[in-house]
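In order, the protein sequences belong to chains A and B.
Taking our numbering, the leading residue of the first sequence gets 1, the next gets one more, and so forth.
Taking our numbering, the leading residue of the second sequence gets 1001, the next gets one more, and so forth.
Careful: at least some of the hints might be erroneous.
Restraint ranges, calculated between C-beta atoms of paired labels, are given here [as the list claims (entries may be wrong)]:
1. 35/A - 1233/B: 39 to 45 Å
2. 1017/B - 44/A: 42 to 48 Å
3. 35/A - 1021/B: 24 to 30 Å
4. 44/A - 1235/B: 43 to 49 Å
5. 158/A - 1031/B: 50 to 56 Å
6. 1049/B - 73/A: 27 to 33 Å
7. 337/A - 1017/B: 49 to 55 Å
8. 1276/B - 337/A: 53 to 59 Å
9. 54/A - 1172/B: 48 to 54 Å
10. 1172/B - 73/A: 54 to 60 Å
11. 233/A - 1145/B: 42 to 48 Å
12. 110/A - 1172/B: 56 to 62 Å
13. 276/A - 1198/B: 50 to 56 Å
FYI, nobody ran anything at the bench for these hints, they're computed from the structure.
Even for Gly, the Cβ is constructed at its ideal location relative to N, Cα and C.
There are 2 protein chains.
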Amino acid sequence: MTGTSIRGMPSTGAPRRATIRDVAVEAGLSRGTVTRVLNGERYVSPAAREAVERAVAKVGYVPNTAARNLALRRTHAIGFCVHEPHALFLEDPNIGSILLGANSVLSAADFQMVSIVIDSLRDSERVARYLSGGFVDGAIVVSARQDDSLFDVLHRLSVPATLVGRPPEGITMPWVGIDNRGAAAAVATHLLATGRRRVGMLAAALDRDSGADRLAGFRDALGDRFDPELVVELPLYEYTAGRAAMTQLLARAPELDAVFAASDAVAAGALEALRAAGRRVPDDVALVGFDDSSWALRCDPPLTTVHQPARVLGERAAQSVLAQLRGAPADLDGSLLETHVVVRGSA
Amino acid sequence: MTGTSIRGMPSTGAPRRATIRDVAVEAGLSRGTVTRVLNGERYVSPAAREAVERAVAKVGYVPNTAARNLALRRTHAIGFCVHEPHALFLEDPNIGSILLGANSVLSAADFQMVSIVIDSLRDSERVARYLSGGFVDGAIVVSARQDDSLFDVLHRLSVPATLVGRPPEGITMPWVGIDNRGAAAAVATHLLATGRRRVGMLAAALDRDSGADRLAGFRDALGDRFDPELVVELPLYEYTAGRAAMTQLLARAPELDAVFAASDAVAAGALEALRAAGRRVPDDVALVGFDDSSWALRCDPPLTTVHQPARVLGERAAQSVLAQLRGAPADLDGSLLETHVVVRGSA
DNA sequence: GCAGGGTCTGTGACCGGTCACAGAACGCAG
DNA sequence: CTGCGTTCTGTGACCGGTCACAGACCCTGC
C-alpha cells in the first residue's frame, strides 16, 4: 500500500471532526453528562447544561450518525421500496404523491426516507442487503407484484413494514389501500348510465392487486355486457403503452363507444390514439382514467377519472410503520380509503 | 420507563442478528480471519475461506452497515441535494433525468444515493446535519441558488461535492454543466433567422445560473431588437407559472410573433395560454422551450427546444464525486457538455 | 448525628465492525 | 541447525456514541 494516508494525522486532510469527548473536555465534564444534555434528559444541572452548550458551539460538534445508530441499533430511516423501472418511478405522479405524503409524515417525526427502487431482478439481493444491513428501521412497500420475493425478505428479516395496496393471498401484513374493485365498478356503472353500450377497457398491471382488481370491478359492473374482446392488457401504467393499446383496441372493435383506462397516464396515451384515429372525445368515444393525477387535467378535454387520495395513502403508510416501531400491535386488517369518480369533460 | 424491553433478551422480539463473532465461532476461527475472508484480502487459506463461507450461510450473517461505517469512517452513500419544492422535484423531468444518470453510475460503483430535498429555508439546518453527520461521503448539488447557504456548509465541512450547473462568483468547486448562455443565443438566432421580429421571453429562475444565463444569452443574440418589455419573469420552471406569464405577456404585447420559454414545462403552460387566446402555434406565434424533456413531445405541436444531455450531466457529476473520494485532484475548471436546438413543430 | 431520599456526575462496558501488530507454522538457503 | 522470508491466524485497541451502575453531594426529618 503506497496510497495516501486517508486516516492519517491531521497534517493533511480534513481537521478531525469533534466528538463527544472533545465536548466533554472543553466543558470540563464527562461524556455521560454531555450525552444527557444532548438528549435532554432529567437530572442535569443548569450550569452543566450551559457549559455543554457553549462547548458544542465552540468546537462545532455534530453527532456522528453511524456511531449513534450502532449504539442504539436503529437508524431513523425508513425504506420506500418501489418495484418499478427507474424511469416510471419518476413519471408516475401517483407514486410521486404517495412518496410525498410518506415523506412529510416521516420528516415531521425526524425520520429519513431512503428510496429503494427495485428495477431488475438482480436488485432483489441488493434490496435484501439494505433492509437487513441495519440501514433502515422499517419499510413502506409500493406497487409490489403479487408474487414478489420482497415479501419473503421482509418476513425472513422481520422488518416492520407496511404495504400500499392489498397484500397477495397468504401474506398477512399491515396495509393501506383503496377499493380498486369498487371504484372500477363505479366507473363502468357511470358509463352505462350515460348511455354507453360497447365499453372497452385498457387493463394494465394485472400482476398487481390494483390492476387485477380494476379489471375485476369492471367485469362485475358490466355483467352480461362484458366482452373479453374489448379488453386489451398492457404490462405497466404507461403513456406510450396506452397509446399502442388503444390503437389495437380500435382496430379490434371500431364500433366501441367508451373506454375505461386503468390509469390517467394510460388514458392520456389512449386519447392521443383516439385523436389520431379521428374519434372525438367524448362525442364518439367516452374515456375514463384512474388516479386523478396531473395527467387528467393536462388532457384536452380534461379526463373523467377516479380520485384516489394518493398523498393520504403515503401518510397513512408512514404512520403505520412508525406505529409498529413504537411497538404498537400491527393492524393486519388494513384500511381502505375512500375514492370517488370525478366527472370532467371526457365522459 | 414501563415500555416493552426493545433491547431485552431474545425471549421476545426478533432473534438477535448474527454478528461476525458468531460466524467466527461457527467456523472455529477468529474475527480477524472472518473479516479477511469477507473483504477478499490476501493471505487466507482455502480451508479457512471455505469454513467462513459455510458459517456465513449457516448463521445467516449480514454485515451491519452502521458498524462498518463507524469503523471505516465512510458510508458508501452520496447525497443528491435538490434545492426545489418537493412537488417540483418530482414534476421536473430534467432533474429526474439527472437523478437517474447519477443513480446509475453510483449503483454501479456500489454506492447508495440519498435524496436530500431542500424545500423550506428551515431545512438548511437539517441538511447540514445530514452532510456532516457521517451520513454521506459526498454530495451532488442540483439547482442551487446563487447565494445558497449550502455552499457555506459544504465548504465548512469539506465534503467532497460536485455541482450540476455553474458555481456562483467566488465559489470554486468541481462542476458540470451546459452552456446555457450559448444555447439561449442559438434559440434567439433561430427565431430571427426564421423571420420573427417581435420576440418575447418567459425568463424563469433568475436566481440560478441556468435562469440568469438563458436570459443573458437571449439578450446577447437579440442585440438592438431586445426589448425589456417583452420579458416576463417567473420564479420557477413551472407549467402553471408559464401559463400565467404568457397571458400577461400577451396582454402587454399582443403583437409579438415569437416566445422563448426558459423550460419545456414553462413552454407547455405558455402553449395552453396561447391556445386559450386563440393564437395559432407556430403560424401566429413561434414557441421554443428548453430541456428537450417529455413535455416537449407531449405538446401539440411538439416543441422546438434545446436538447440538454441531462442524464449525462448526472453521470458526470457522480463520476466526479467518486473521483474525489478516490483522492483524485478535484477538477475545478468544470466541464461543459454540448447542447443543440431541436427543431420540431412549434417554431 | 445519621438514615433516607432525590439530584447530579463519572466510569467502564458495549454496539459490531476494522486494523495494526505479534506471533505461529512452514519452506528453504547457508 | 540456524536464520530469514512468506503465508496465515489471533488479539487488543479503536471508531463515537449510549447505558447501567456506583457513588458524591445536598437537603430534610428524627
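Query raised in the report: Which hint numbers does the structure go against, in order from smallest to largest?
Result: As far as the earlier hints go, 1, 2, 5, 7, 8, 9, 10, 12, 13 are violated by this structure, in ascending order.
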